[in-house]
Amino acid sequence: MAIQTDACVIGQGISINGRLTGDEDLVIEGRVEGTIALNNHLMVEVTGTVVADVEAVELTVRGTVSGNIAASQVVSIQADATVVGDVRAPRIIIEDGARFKGNIDMDVPLPEGL
Amino acid sequence: MANTIIGSTIVIDGEITGDEALYIQGTVKGRIALEESLYVEEGGEVEADIETQNVEISGNLTGNITATERVEIKETGRVVGDVKSPRILIADGAVFKGHIDMEV
Amino acid sequence: MADNGTVIGENIRITGHVSGEEDLTVFGWVEGTVELSQSLHVEPSGIIKANVSVATAVVSGVVVGNITASEAVELLQGGRMVGNIIAPRVVIADGAAFRGHIDMGEVDAPEASASSSRARSSRPASTRRQPSRPAVAPARPAARPAARAKDPAPAEPAKAVEAKPSKAEAEAKSSPAKSTKAPAKVEEVVAAPVKASGRKKKASAKEAAAES
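Chains as they are written, first to last, in the numbering used here: chain A, 1 to 114; chain B, 1001 to 1104; chain C, 2001 to 2212.
For reference, chain A alone in the conformation it holds in the complex:
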């Protein structure tokens, strides 16, 4: 889950509008609208706002995300985060204090007879 310290950072004063793709870790402290497809760990920091459908390997949200999320490994919605949208990932964590509205789609192994 640890993000690279030399990860690409979209700073607080930056606003991006469009399609964002990449292969390295990315930290969003500013604002991104459009779509995001990242082959690595995406971190939306406390100051970050994302209005976009997001695809990533791992996603950690401390800020705000509005859009549908698909992660191939894990999505962690942390205590200060606000997320509105549908989330699909094999591992999804919602911490106490996080605000969330939407669908969650994980594999749920149920015992027989249910």
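These aren't lab readings, by the way, just hints derived from the structure by calculation.
Among the hints, a few may not be true.
[Claimed, not checked] So the derived label-pair ranges between C-beta atoms look like this:
#: 1; chain 1: C; residue 1: P2044; chain 2: B; residue 2: D1101; range: 36 to 44 Å
#: 2; chain 1: C; residue 1: G2078; chain 2: B; residue 2: E1103; range: 30 to 38 Å
#: 3; chain 1: B; residue 1: P1086; chain 2: A; residue 2: L114; range: 34 to 42 Å
#: 4; chain 1: B; residue 1: N1064; chain 2: C; residue 2: G2105; range: 47 to 55 Å
#: 5; chain 1: A; residue 1: T47; chain 2: C; residue 2: N2051; range: 37 to 45 Å
#: 6; chain 1: C; residue 1: T2033; chain 2: B; residue 2: V1080; range: 26 to 34 Å
#: 7; chain 1: B; residue 1: G1093; chain 2: A; residue 2: P109; range: 50 to 58 Å
#: 8; chain 1: C; residue 1: N2051; chain 2: A; residue 2: G13; range: 28 to 36 Å
#: 9; chain 1: A; residue 1: V46; chain 2: B; residue 2: E1036; range: 49 to 57 Å
#: 10; chain 1: B; residue 1: R1087; chain 2: C; residue 2: G2095; range: 44 to 52 Å
#: 11; chain 1: A; residue 1: L110; chain 2: B; residue 2: E1103; range: 43 to 51 Å
#: 12; chain 1: C; residue 1: G2095; chain 2: B; residue 2: N1064; range: 46 to 54 Å
#: 13; chain 1: C; residue 1: E2071; chain 2: B; residue 2: G1098; range: 44 to 52 Å
[To be verified] Subject to a maximum C-alpha distance of 16 Å in a straight line, what follows is the list of computed EDC-like cross-link-like pairs (lysine to aspartate or glutamate):
#: 14; chain 1: B; residue 1: K1097; chain 2: B; residue 2: E1072
#: 15; chain 1: B; residue 1: K1029; chain 2: B; residue 2: E1045
#: 16; chain 1: B; residue 1: K1084; chain 2: B; residue 2: E1072
#: 17; chain 1: B; residue 1: K1074; chain 2: B; residue 2: E1103
#: 18; chain 1: C; residue 1: K2049; chain 2: B; residue 2: E1015
#: 19; chain 1: C; residue 1: K2049; chain 2: A; residue 2: D96
[To be verified] Computed footprint of chain A on chain C, listed as stretches where at least three residues anywhere in the stretch have a Cβ under 8 Å from a Cβ of chain A:
#: 20; stretch: 2078-2089
#: 21; stretch: 2101-2112
Ideal placement from N, C-alpha and C gives every residue a C-beta, glycine not left out.
Got chain A; can you put chains B and C on it based on the hints?
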């Protein structure tokens, strides 16, 4: 293992089945089928047909009882219904109305 | 004993309606409906197949059904649930599994700015594959091979992320996005429900697309 306890404010309307002891302090309506002992405690209200091994009644029970071993109505107990069991005890002070069948 | 609440043992099965004003701890099986003014604990061996209305629910076992909690729902590690949750506080721990909808009441979502929603809706789905335009952010994608070398995994997810959801989903995404997001902007007041329903449509459209 945790015993099963139906607390005093609980109301169950339906069927309880299982093979462990069951203590009822609340209200159960419907049917109870146990392969173990049933305890209707003081304050317990049961309106159900019962199949079990042993029953001990200190509360109120309305319904028919079939026990494979023993039925005991304690002094605070009150039972309205038919009882079928090889051993039946009714304590002094208990209230009972119904048929008794000890499979004689 | 009643003070400790009600316990449904591992070898007990209840079918029907359970209601009450005390804590309920389930090691066994409860099927039907559960209505409590206190808390429900579903232990690792416990199975609830019921619609549940409680103050708080703490799930380490299995729940199939909807939970409405006036205070909180916690899915702990090992907890498995399929159904919808309505509660002001919802916690899903790592190692829990959940499928369904979560409603925590009013959640303020940021709106797309006017320019972006125009940009999004005016662009056809196919431009998703066009690399020219949004080259803004990943300006240095290959510049740091160190980041990639450290994690050898991305090669495979790379395909998954890029290939799987692209075409079918792009269609599914773009068309409802146009129809639902635009009106949501106009009527700011009802933005939340409109968007929510729009997402559902989107999700089902996605599923449909995936199935086909």
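Going through the hints against the structure:
1. Checked against the hint of 36 to 44 Å, the C-beta distance between C:P2044 and B:D1101 comes to roughly 43 Å, which is consistent with it.
2. About 48 Å separates the C-beta atoms of C:G2078 and B:E1103, a value inconsistent with the hinted range of 30 to 38 Å.
3. Look at B:P1086 against A:L114: about 39 Å separates their beta carbons, and that is inside 34 to 42 Å.
4. At roughly 49 Å, the beta carbons of B:N1064 and C:G2105 sit within the given window of 47 to 55 Å.
5. Between A:T47 and C:N2051 the beta carbons are some 40 Å apart, a value that agrees with the proposed interval 37 to 45 Å.
6. Checking the proposed 26 to 34 Å range against C:T2033 and B:V1080 shows it holds: the Cβ atoms sit about 28 Å from each other.
7. Between B:G1093 and A:P109, the C-beta spacing of about 54 Å keeps the proposed range 50 to 58 Å intact.
8. Checking the proposed 28 to 36 Å range against C:N2051 and A:G13 shows it is violated: the Cβ atoms sit about 49 Å from each other.
9. A hinted range of 49 to 57 Å for the beta carbons of A:V46 and B:E1036 is consistent with their spacing of about 56 Å.
10. Range check, B:R1087 to C:G2095: about 50 Å between beta-carbon atoms, so the 44 to 52 Å window is met.
11. Separation of A:L110 from B:E1103 is about 44 Å and conforms to the stated range, judged on CB atoms against 43 to 51 Å.
12. Against the hinted window of 46 to 54 Å, the Cβ-Cβ separation of C:G2095 and B:N1064 comes to about 47 Å, which satisfies the hint.
13. For the hinted restraint 44 to 52 Å between C:E2071 and B:G1098, the CB-CB distance of approximately 46 Å keeps it satisfied.
14. Only pairs whose Cα atoms come within 16 Å are accepted, and B:K1097 paired with B:E1072 is accepted, the gap being roughly 14 Å.
15. Proposed proximity of B:K1029 and B:E1045 is supported: the alpha carbons are some 8 Å apart, at most 16 Å.
16. Restraint check for B:K1084 and B:E1072: the C-alpha separation of about 12 Å stays at or below 16 Å, so the hint holds.
17. At most 16 Å may separate the alpha-carbon atoms for a hinted pair to count; B:K1074 and B:E1103 exceed this at roughly 22 Å.
18. Taking the CA atoms of C:K2049 and B:E1015, the gap is near 14 Å; set against the 16 Å cutoff, the hint holds.
19. Between C:K2049 and A:D96 the CA atoms are separated by roughly 25 Å; this puts the pair beyond 16 Å, and the hint is violated.
20. Figure legend: the stretch 2078-2089 of chain C, annotated as covered by chain A; annotation consistent (4 residues with Cβ-Cβ distances under 8 Å, at least 3 required).
21. With a cut-off of 8 Å between beta carbons, the stretch 2101-2112 of chain C has 10 residues touching chain A; three or more are needed, and the interface restraint holds.
The structure is inconsistent with the numbered hints 2, 8, 17 and 19, although it conforms to all the rest.
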